[in-house]
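Visitor: As they're listed, the protein sequences go chains A and B.
Following the numbering used here, the numbering of the first sequence begins with 30 at its first residue and continues without gaps.
Following the numbering used here, the numbering of the second sequence begins with 30 at its first residue and continues without gaps.
Hint data in this document are derived by calculation from the structure and do not stem from the laboratory.
A few of these clues could be false.
Said to hold, decoys possible - Not the full set, but computed from the structure, chain B residues with beta-carbon under 8 Å of chain A: (1) P163; (2) A244; (3) P346; (4) L439; (5) P481.
Source: prediction; values computed, not measured.
We treat Cβ as the ideally placed atom computed from N, Cα and C, and that holds for glycine.
The residues making up each chain are set out below.
Number of protein chains: 2
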Amino acid sequence: MAAQRDMATADAELAAAAHALLGDRRLIIATNRGPVTFTTAADGSLRPRRGSGGLVTALGHVSQRVPITWIAAAMSEGDRRAAADARLVRRALGDDETVRLRFASVERSVYEQAYNVIANPFLWFLQHQMWNLPERPVIDAATMRAWDRGYVALNDAFAREVLSQARGDREPRIMLHDYHLYLAAEPIRRARPRAILSHFTHIPWPPSSIWQTIAPPIREAIARGLLANNVVGFQTARYAHNFLRMVETFVPDATVDYDASLVKRRRFVTHVRSYPISIDPEATRRVASSRAARRRADQLLGGSREQVIVRVDRLEPSKNILRGFLAFETLLQRNARLRGRISFLAFLVPSRTGLREYGHYGREVQNAVDRINARYGRAGWRPVQLFYENDYAQALAGLSIADVVLVNPLVDGMNLVAKEAVAVSARDAVLVLSETAGAFDQMADGALAVAPADVVGTADALATALAMPREERARRLAKLRRGVEREDITWWLRRQFEDLAELVR
Amino acid sequence: MAAQRDMATADAELAAAAHALLGDRRLIIATNRGPVTFTTAADGSLRPRRGSGGLVTALGHVSQRVPITWIAAAMSEGDRRAAADARLVRRALGDDETVRLRFASVERSVYEQAYNVIANPFLWFLQHQMWNLPERPVIDAATMRAWDRGYVALNDAFAREVLSQARGDREPRIMLHDYHLYLAAEPIRRARPRAILSHFTHIPWPPSSIWQTIAPPIREAIARGLLANNVVGFQTARYAHNFLRMVETFVPDATVDYDASLVKRRRFVTHVRSYPISIDPEATRRVASSRAARRRADQLLGGSREQVIVRVDRLEPSKNILRGFLAFETLLQRNARLRGRISFLAFLVPSRTGLREYGHYGREVQNAVDRINARYGRAGWRPVQLFYENDYAQALAGLSIADVVLVNPLVDGMNLVAKEAVAVSARDAVLVLSETAGAFDQMADGALAVAPADVVGTADALATALAMPREERARRLAKLRRGVEREDITWWLRRQFEDLAELVR
Chain A
30 MAAQRDMATA DAELAAAAHA LLGDRRLIIA TNRGPVTFTT AADGSLRPRR GSGGLVTALG
90 HVSQRVPITW IAAAMSEGDR RAAADARLVR RALGDDETVR LRFASVERSV YEQAYNVIAN
150 PFLWFLQHQM WNLPERPVID AATMRAWDRG YVALNDAFAR EVLSQARGDR EPRIMLHDYH
210 LYLAAEPIRR ARPRAILSHF THIPWPPSSI WQTIAPPIRE AIARGLLANN VVGFQTARYA
270 HNFLRMVETF VPDATVDYDA SLVKRRRFVT HVRSYPISID PEATRRVASS RAARRRADQL
330 LGGSREQVIV RVDRLEPSKN ILRGFLAFET LLQRNARLRG RISFLAFLVP SRTGLREYGH
390 YGREVQNAVD RINARYGRAG WRPVQLFYEN DYAQALAGLS IADVVLVNPL VDGMNLVAKE
450 AVAVSARDAV LVLSETAGAF DQMADGALAV APADVVGTAD ALATALAMPR EERARRLAKL
510 RRGVEREDIT WWLRRQFEDL AELVR
Chain B
30 MAAQRDMATA DAELAAAAHA LLGDRRLIIA TNRGPVTFTT AADGSLRPRR GSGGLVTALG
90 HVSQRVPITW IAAAMSEGDR RAAADARLVR RALGDDETVR LRFASVERSV YEQAYNVIAN
150 PFLWFLQHQM WNLPERPVID AATMRAWDRG YVALNDAFAR EVLSQARGDR EPRIMLHDYH
210 LYLAAEPIRR ARPRAILSHF THIPWPPSSI WQTIAPPIRE AIARGLLANN VVGFQTARYA
270 HNFLRMVETF VPDATVDYDA SLVKRRRFVT HVRSYPISID PEATRRVASS RAARRRADQL
330 LGGSREQVIV RVDRLEPSKN ILRGFLAFET LLQRNARLRG RISFLAFLVP SRTGLREYGH
390 YGREVQNAVD RINARYGRAG WRPVQLFYEN DYAQALAGLS IADVVLVNPL VDGMNLVAKE
450 AVAVSARDAV LVLSETAGAF DQMADGALAV APADVVGTAD ALATALAMPR EERARRLAKL
510 RRGVEREDIT WWLRRQFEDL AELVR
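Chain A extracted, bound-state conformation:
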């Protein structure tokens, strides 16, 4: 009851913040991936496919409260047709325009350059510090071409579509998202000097020494591009600080005020804030408590031993899956009494299988699992069980039965698995969490901390977690759960709306 009243209050506060920001406007949101992508059916009509991913889920919550115009990149031929004719979209999605979907459309080859040369292999790797720096990246002529003709062009297309949707409004409210759209604010700002513009970066913001390795035209365009926003948001205070340092280092005509966390440039002020993203705990629990998920949880528990370690991740090098298994191997090696008594369930979602590094990393992970199972497995006990598929309900089922949840990314903007685990745990799971995950800044108190390269320390943390008395497990989980309930996705949205509404006044 109390929880429901809290939620009602939270909803009311969010609605009030949205109204203060928007009045009777629509909120314009721009993201690379939209909530729907289209294929062309045999009869020529557009067939929608709902998207997934953390960002889509999070922003889906916005649309429940305020009317939004959502601009996404046209990724398929169907999307490009939809971009050309809005009626096709209406025909496919129905007349409900709570979410008005639009596309920023560029030629396929332009999009490929922006997405498959710059955003994913370049910016994602850079910001997750995933490079072997002595050899990569090599910023050659092809990279610079993809930047100019792909990334810049895509951002311009987004700006044009935003301006088209904001027609007639001198002060549109616009929220841009993530590493695909660092440059969109500047052309919008030029055309609408009084626009209220924000950008939120979902992934980590590395220190200047990392930005310093790459081509000055790119890093300066990114810094200046972001400074065209009224508010630039990051997952953590550390990332916000790194951005301020980057501006100080690379934008000589900007003045950085660390105490007020803002940047002044030609009398324009950009506020630099942190808004840790979160989940909808209630909705997450609904999925986990569906009949199918509960049945799956029982099966998983039946197939496991006394204690269960669980991880859920995209199969992605920054998630540090390999060292997680090495830590588990060390645990078994050092604690003979655990052999045959614990199960490690790893739910790995296929990801970016077209990138060479990901394929290589996947094979390394598989090799480690095979080695551990061969070395320690015995009749009736397979130490590691790998589930390689995209099954959200199953992953939540796994988290719900865990004694220990291992979240040890190399670096991570936030990491929502840590929060989902806390929301759905039915067995007082202990969270083993990397200090380098954005989530650590909120969850340090209840979690067991590990450093991502520290395989010995991670093995020790797993041992501590497995041996932890039930009361302490319950106490820690309760503390973490209170945090996730309080700082949920509604809180994430509301704080942004409030900060932007403040600027309107």
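Here the structure of chain A is known, so what remains is to put chain B in place on it, guided by the hints.
Guide: Relative to chain A, chain B alone:
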């Protein structure tokens, strides 16, 4: 004449600072590698071999001004015999004890752990950000054993030898050096609370997000170990700032004062300073103007085309040699008129050939050179000439005839080649310099800046340098040379002596 008077003044100032610090004491210096290492001759006597390396050269200058006791790690069996019996050293080196040489001696296996498991493959790679982080480092049981039984033990042995040399002195003056000796100050401080202790790190100090990936016991021991010094010195203000941030992040009982650049812990104050290391320009020029070096310079010039690009580096991944050649390749590809008219002379010194990564990197470099020479070379013109040997005079000869000197490290504590090039240039060389080299902080004004991963930008900088009018070249070089003359090795030493003497008062 003016220069000579300046040098005499500088010498007098240095002597005064040394006297203020030392009184009639000897200065105790501790470094991993000493000025001399010993082998055992057939007759059982010790045979000395003079060492090289930037640190030995720099510290050699100290001994010209003040009596020092120099403690180095016993690296050979001869060193271990010397450690056991100081008379053997005197017999081998003569009675002149301006430099009193002593050894910190541990068993060979202990030293191997400290040097070949921790210092070089771990700390060096960490601080130069040379890892492919998704896979390395793996801090496993062997790493932690090498840390405890190797690195910690070696530092303890250094502390014991320092204390033994400081016998009877309640306030010895001690300067510790570099990444082999982060932990030596603490045991010295415990035994001599009033000692004047400094530590200088010659290599880069990365941001906290890098330290955050490794085992907490290691990074905390490093931070706390350094805080036992009165002064902790770094090459640049950036590195000093990174150290302060590291202390703030990982040493909860310390208070960081960024404005005063100091750390307080239990009423003990550690000053955090930057002292950019340098060269002795006069001595460098003496080598470059020897008859042999001048003859070699003429030969090199005779074998080259109209314009000459030169690089001098240890063959070391952090030096970014590969991208340097890729930039040269891009230059030739884009500027057909340069083909046949420029020569790239690369003087590469063999380094750490036992480490797998170095061998691999060397092959990649050789492949790039072969490809460029095959693609663009023609009868009578080999675009790249590679000199793979340790010949200091030849390298200086190369620098003296350069039109352009390329210094593009991925990251570098200082980089003395940039300063040597400026000292010996006979043809108004243009310096193309990485922003990520420590030297950049002093030389930004006269050099052409490049970002290390930016192959296109580096090619552009080479083109700009090659096309630069003679007057601008001369103007830039003169400015750089004034800086190197002013902020030379004597200046580096004097500022440290003065800061330490201040603490004595």
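Visitor: Are the hints correct? Go through all of them and say.
Guide: Each hint tested on the structure:
Nearest Cβ of chain A to the Cβ of B:P163: about 4 Å, under the 8 Å cut. The hint holds. Against a cut-off of 8 Å between C-beta atoms, the interface hint on B:A244 holds, since the closest Cβ of chain A lies about 4 Å away. For B:P346, the interface hint holds, the least distance from its beta-carbon to any beta-carbon of chain A being 4 Å, beneath 8 Å. Given the 8 Å rule on beta carbons, the hint for B:L439 holds: about 6 Å separates it from the nearest Cβ of chain A.
This hint holds: B:P481 has a C-beta 5 Å from the nearest C-beta of chain A, less than the 8 Å allowed.
In summary, this structure violates none of the numbered hints.
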